Amino acid sequence: MKADIAVVGSGLAALVATRTLHQAGRNAVLIWPGLSSLYFTYATIDVLGYSDLTTTRPVEQPEAGVAQLIADHPDHPYALAGLEGLRSGTTLLIEWLRAAGFAWQGDLGRNLLLPTAIGTPKPSCLVPDSMAAGDLRRDDPIVFCGFHGYEDFVPELAASNLSRSWGRGEHSVRAVRITLPSFEPGNLFTSIDLARSFEDTTFRREVASRIRREIGVDGVRVGIPAVLGLTHDTDVYSSFAAEVGHPVFEIPTLPPSVLGLRLFDRLRKHIQESGVEMIWAAPAHEAEVSDGQCRRIFLKSAGREQPIEARAYVLALEDTVDGALRAGVHSMVDPFFHEALAHHEMPTERTDESLFKPQPYASIGYRVTRRLQPSDDAGRPLAGNVFVAGGAIAGYDPVGTKSRGGLAIATGYRAAQEAMAA
Amino acid sequence: MPDTTTGVVVIGGGSTGAGVLRDLSMRGIDAVLVEKGDLASGTTGRSHGLLHSGGRYCVNDLAAAIECVEEGRILRRIAKTTVEDTGGYFVSVSEEDLAWEPRFVEGCAKAGITCERIPVEEARRREPALSRHVRTVFWIPEDGHLDPFYLVVGNVESARRRGAQVRTYTEVTGFLKNDNRVSGVVTRDIFTGEETTIGCQAVINATGAWAGFVARLLDVEVKVVPVKGVMVVLSHRVAHATINRCHKPGDGDIIVPALSVAILGTTSAKVPHPEVLPIEWDEVHHMIEEGALMADGVSTARAMRAYAGVRPLYDLGAEAEGREMSRNFAVIDHEARDGIAGFASIVGGKVTTYRLMAERVTDLVARRLGVRTPCTTAEVALNDREDEMDQLRHRPAQLGVPKPHGDELGLQALICECELVRPQDVAPWFKDPAVRTLEDIRRRTRSGMGPCQSAICSYRLAGRLVTERGLDGPTATRAMADFLETRWRGVRHVFWGSQLRQAQVTTGVHLELFNLDRQLMHDLPPSLAGEGRGGGFETAEVASQR
Ligand SMILES: Cc1cc2nc3c(=O)[nH]c(=O)nc-3n(C[C@H](O)[C@H](O)[C@H](O)COP(=O)(O)OP(=O)(O)OC[C@H]3O[C@@H](n4cnc5c(N)ncnc54)[C@H](O)[C@@H]3O)c2cc1C
Numbered sequence: 001m002k003a004d005i006a007v008v009g010s011g012l013a014a015l016v017a018t019r020t021l022h023q024a025g026r027n028a029v030l031i032w033p034g035l036s037s038l039y040f041t042y043a044t045i046d047v048l049g050y051s052d053l054t055t056t057r058p059v060e061q062p063e064a065g066v067a068q069l070i071a072d073h074p075d076h077p078y079a080l081a082g083l084e085g086l087r088s089g090t091t092l093l094i095e096w097l098r099a100a101g102f103a104w105q106g107d108l109g110r111n112l113l114l115p116t117a118i119g120t121p122k123p124s125c126l127v128p129d130s131m132a133a134g135d136l137r138r139d140d141p142i143v144f145c146g147f148h149g150y151e152d153f154v155p156e157l158a159a160s161n162l163s164r165s166w167g168r169g170e171h172s173v174r175a176v177r178i179t180l181p182s183f184e185p186g187n188l189f190t191s192i193d194l195a196r197s198f199e200d201t202t203f204r205r206e207v208a209s210r211i212r213r214e215i216g217v218d219g220v221r222v223g224i225p226a227v228l229g230l231t232h233d234t235d236v237y238s239s240f241a242a243e244v245g246h247p248v249f250e251i252p253t254l255p256p257s258v259l260g261l262r263l264f265d266r267l268r269k270h271i272q273e274s275g276v277e278m279i280w281a282a283p284a285h286e287a288e289v290s291d292g293q294c295r296r297i298f299l300k301s302a303g304r305e306q307p308i309e310a311r312a313y314v315l316a317l318e319d320t321v322d323g324a325l326r327a328g329v330h331s332m333v334d335p336f337f338h339e340a341l342a343h344h345e346m347p348t349e350r351t352d353e354s355l356f357k358p359q360p361y362a363s364i365g366y367r368v369t370r371r372l373q374p375s376d377d378a379g380r381p382l383a384g385n386v387f388v389a390g391g392a393i394a395g396y397d398p399v400g401t402k403s404r405g406g407l408a409i410a411t412g413y414r415a416a417q418e419a420m421a422a
Numbered sequence: 423m424p425d426t427t428t429g430v431v432v433i434g435g436g437s438t439g440a441g442v443l444r445d446l447s448m449r450g451i452d453a454v455l456v457e458k459g460d461l462a463s464g465t466t467g468r469s470h471g472l473l474h475s476g477g478r479y480c481v482n483d484l485a486a487a488i489e490c491v492e493e494g495r496i497l498r499r500i501a502k503t504t505v506e507d508t509g510g511y512f513v514s515v516s517e518e519d520l521a522w523e524p525r526f527v528e529g530c531a532k533a534g535i536t537c538e539r540i541p542v543e544e545a546r547r548r549e550p551a552l553s554r555h556v557r558t559v560f561w562i563p564e565d566g567h568l569d570p571f572y573l574v575v576g577n578v579e580s581a582r583r584r585g586a587q588v589r590t591y592t593e594v595t596g597f598l599k600n601d602n603r604v605s606g607v608v609t610r611d612i613f614t615g616e617e618t619t620i621g622c623q624a625v626i627n628a629t630g631a632w633a634g635f636v637a638r639l640l641d642v643e644v645k646v647v648p649v650k651g652v653m654v655v656l657s658h659r660v661a662h663a664t665i666n667r668c669h670k671p672g673d674g675d676i677i678v679p680a681l682s683v684a685i686l687g688t689t690s691a692k693v694p695h696p697e698v699l700p701i702e703w704d705e706v707h708h709m710i711e712e713g714a715l716m717a718d719g720v721s722t723a724r725a726m727r728a729y730a731g732v733r734p735l736y737d738l739g740a741e742a743e744g745r746e747m748s749r750n751f752a753v754i755d756h757e758a759r760d761g762i763a764g765f766a767s768i769v770g771g772k773v774t775t776y777r778l779m780a781e782r783v784t785d786l787v788a789r790r791l792g793v794r795t796p797c798t799t800a801e802v803a804l805n806d807r808e809d810e811m812d813q814l815r816h817r818p819a820q821l822g823v824p825k826p827h828g829d830e831l832g833l834q835a836l837i838c839e840c841e842l843v844r845p846q847d848v849a850p851w852f853k854d855p856a857v858r859t860l861e862d863i864r865r866r867t868r869s870g871m872g873p874c875q876s877a878i879c880s881y882r883l884a885g886r887l888v889t890e891r892g893l894d895g896p897t898a899t900r901a902m903a904d905f906l907e908t909r910w911r912g913v914r915h916v917f918w919g920s921q922l923r924q925a926q927v928t929t930g931v932h933l934e935l936f937n938l939d940r941q942l943m944h945d946l947p948p949s950l951a952g953e954g955r956g957g958g959f960e961t962a963e964v965a966s967q968r
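Chains A and B supply the protein sequences, listed in that same order. Under my numbering, think of the first position of the first sequence as 1, with each following residue one higher. Under my numbering, think of the first position of the second sequence as 423, with each following residue one higher.
These aren't lab readings, by the way, just hints derived from the structure by calculation. Mixed in with the good hints, there may be bad ones.
[What the hints assert, rightly or not] Short, incomplete list of chain A residues facing chain B, as computed with Cβ under 7 Å:
| hint | residue |
| --- | --- |
| 1 | 329 |
| 2 | 350 |
| 3 | 356 |
[Said to hold, decoys possible] Here are the computed distance ranges between Cβ atoms for each label pair:
| hint | chain 1 | residue 1 | chain 2 | residue 2 | range |
| --- | --- | --- | --- | --- | --- |
| 4 | B | 618 | A | 54 | 36 to 42 Å |
| 5 | A | 217 | B | 598 | 57 to 63 Å |
| 6 | B | 517 | A | 331 | 32 to 38 Å |
| 7 | A | 286 | B | 538 | 49 to 55 Å |
| 8 | B | 621 | A | 217 | 51 to 57 Å |
| 9 | A | 217 | B | 849 | 29 to 35 Å |
| 10 | A | 340 | B | 635 | 46 to 52 Å |
| 11 | B | 802 | A | 217 | 57 to 63 Å |
| 12 | A | 72 | B | 617 | 50 to 56 Å |
| 13 | B | 621 | A | 353 | 38 to 44 Å |
| 14 | B | 583 | A | 53 | 47 to 53 Å |
[Claimed, not checked] Residues from chain B that keep clear of chain A, each with C-beta distances beyond 10 Å, as calculated:
| hint | residue |
| --- | --- |
| 15 | 502 |
| 16 | 555 |
| 17 | 616 |
Predicted, not measured: the structure shown is a model, and the values here were computed from it. Glycine included, C-beta positions come from ideal geometry on N, C-alpha and C.
With the sequences and hints as input, model every part of the structure.
Next comes the structure, spelled out in structure tokens:
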């Protein structure tokens, strides 16, 4: 198969890169190596939540925070993508979300502070409208509402933690639970089952009225698990919130995160509807390079080997989750060039003794040139027409700074620009 | 005046102490068990869970082998639900192994171990996992899996129903004495630091590798050599039956299919202290390599974690070291030996022989107390009350057989999807004051023992700490973090392939989605996490129940 530009990846970076190419009128093919587990843990798009790994003070203005980060760390992927990459990528994504039927809020000038399922405030930049009412910069009291028999969001836990850290007085946060129509507490049901049911008007009305009755008072906002519709959140959310009669906000749950599914499923479908070709479940396993250029990449799909020939390539893989890196016992190897990106005598070297500290393995990835080309130790590109975006870039770990989404957008956008210029 | 009194205090909540507690209670003797961690948190919960047929010892330690044969048969009767009758293979893969065979066959015959040589092709048909390196195979029908957690909890619950008491996270720090007679113990609560005294007529020291430390509190010596062993857990059973190398017991020569996982073991290295158990990469690596010699699939299976235990090898004074030392146990009558009345120690042995060990030491102490009721633990089943074991833990994971009550699994709510643990399996334990960390719930239910290593169930369990135990959010969150952290310590040693990818889901959920790392930087109660022990939770309400 031949294409102008091939994008490989299943996360946000791959989607942004593909959209960028498509909007520029280029012929792109999106190669989807497999379902990424990020799908199930994604919710908001975090640009920069904390300026370093040890501070507890959230970044208030992500754009200014990123500018400072670029000034302090000229080799950081944000510096390679440039502030302009972040801005343009964000604008492109926000427009795309709107075109795809989402209602999201996005403004690089401020972070919202949203309570998580354990009741910890978390800074996020781009968020669905359905989460925004949880913003803790506002003062109105919060009622967390859970469902009997549903263990993936525990309102009592969230309320207890938040009431201590949020300092709006003891009675400003409380927890309630309601029984859902047609879900027996002893039975197995997941967020996805609930999300499907919420698309049903009768079900939704009944739940709304039970919540209204349970809460009783006025002047509160209601945080409920993010299960308000599996596909078309916008209508479900706004009609539900109206029926509850209080501002309502969704809180991401234990996996499967319906918010992640909604986002990725819709964007993926939308890009296909707009005419971009996708190749499914095809992990790449080889790049053919000659004269400093990548000529073809080979995919394994349904046991067959399928070559893809393009003028340029964007590798927008997310760490090891979707197979960007193969983590052997001693070496972490990339699937295209078979470069050993890291070697460890002992697997323990990849981790910190504490799960809650930065993990060395998380920053393993492709070394890149200033144009995001994968490079060797000496900084020479492995192939002049290949560009890397997202989690597979070496040297940073988005976990502690809460910056995975923003980095995906900025590098995805920038890699696409470079691929077009190549 | 001591704070409370009882007949006998049992120190140590491993298989030995649990067995002693039950034995005492069945002879009508009042007893309290004190354990400084959780039940089975010492060596017992860190064994392979091999129900020894005796085959491993029949050449070097015939007496131990015979004990295994007899006790194995008793356990199959009295503790049916803790035993899985897998049977076992003893396989030869080298010239040396082949040279060992005649001695093995002779040893089995002497010990009364059923042992059948089967042609390799036939063995492979039965057990396709046997590797191409395997040259000869013996079938030992009486090897099996013994669930150490279930066994300990089963013994303790049986004793509790007969009036015995249990105090976990309670360390014995001293003794009460009247002249040369022990009249009680001084204990300290690990979490609260609170000191209590328990008066009694006798104390039984069943602290395994720690027995020397406890004895030293009375200025007597019990020589126990702490010998570390490392094990690796694979995410599926790999083989139907246990597999042993047919040779002089050595490193990496056991594979035990244990419920939903397989355990590879083990190594042998003296350590300075029973709580200093570093896991070395060489040990992990070696175990996987050696295991792969016996069974295919070992090197390609998903390794989930590694852990270490410490053997309580009783030093009989011989020159022998490590594995050469006897697996046999010793009952030490400190009245006869050291002139200290009311104190006995029981050390050495195996999980497999716990009942016999308990019987011997209880015989001694009962005699001293003038109690003539004979031991009945070999006859009365652990689940002598209706369905006790089912209430303790259902085991759908085992062999994939449908659950006994015919529940439709697919429709039931689950707390832990990996190990199929239901809300009703965990619920009773939140009410038990002996349960003080989420690790304790894990040991009693298997929640968190599967491939995701608690990424999912830790949140649900933390939620229940708030809703069912009445804890506040910060305490429950700390317990969740400590649970994750304890699991992480084992995962780190096998950090490649699927388990590395899995870790990204864990950090994705807890650090990115929940912002747990920031929550931990705020005002959480300090972690009490030690090696293998999650931090404890405690509320005034629960403490007052004890
Ligand atoms: C690596 C390894 C693998 C093994 N595999 C098997 C196997 O497959 N099959 C088998 O049958 N046997 C096996 N064994 C042997 C078996 O595990 C042990 O012999 C047995 O568990 C010992 O039980 P115990 O109750 O005597 O000791 P433990 O289980 O260690 O119990 C002693 C308890 O005393 C507590 N304690 C210590 N000091 C104090 C104090 N001051 N106050 C209160 N409490 C205290 C400790 O916390 C501990 O929980 C294995 C051993 C090792 C090391």
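A quick look at each hint next to the structure:
1. 329: Interface hint status for residue 329(A): holds (5 Å vs cutoff 7 Å).
2. 350: It holds, given that the least Cβ distance between residue 350(A) and chain B is near 5 Å, below 7 Å.
3. 356: 5 Å, holds
4. 618(B) to 54(A): 36 to 42 Å: This hint holds: roughly 41 Å between Cβ atoms.
5. 217(A) to 598(B): 57 to 63 Å: 58 Å, holds
6. 517(B) to 331(A): 32 to 38 Å: Between residue 517(B) and residue 331(A), where Cβ atoms are some 34 Å apart, the hint holds.
7. 286(A) to 538(B): 49 to 55 Å: 50 Å, holds
8. 621(B) to 217(A): 51 to 57 Å: 56 Å, holds
9. 217(A) to 849(B): 29 to 35 Å: Between residue 217(A) and residue 849(B), where Cβ atoms are some 32 Å apart, the hint holds.
10. 340(A) to 635(B): 46 to 52 Å: At 47 Å between Cβs, range holds.
11. 802(B) to 217(A): 57 to 63 Å: At 59 Å between Cβs, range holds.
12. 72(A) to 617(B): 50 to 56 Å: 53 Å, holds
13. 621(B) to 353(A): 38 to 44 Å: Once the Cβ atoms are compared, 43 Å apart, the range 38 to 44 Å for residue 353(A) and residue 621(B) holds.
14. 583(B) to 53(A): 47 to 53 Å: 52 Å, holds
15. 502: 28 Å, holds
16. 555: 20 Å, holds
17. 616: 25 Å, holds
Of the hints listed earlier, there is not a single one the structure fails to meet.
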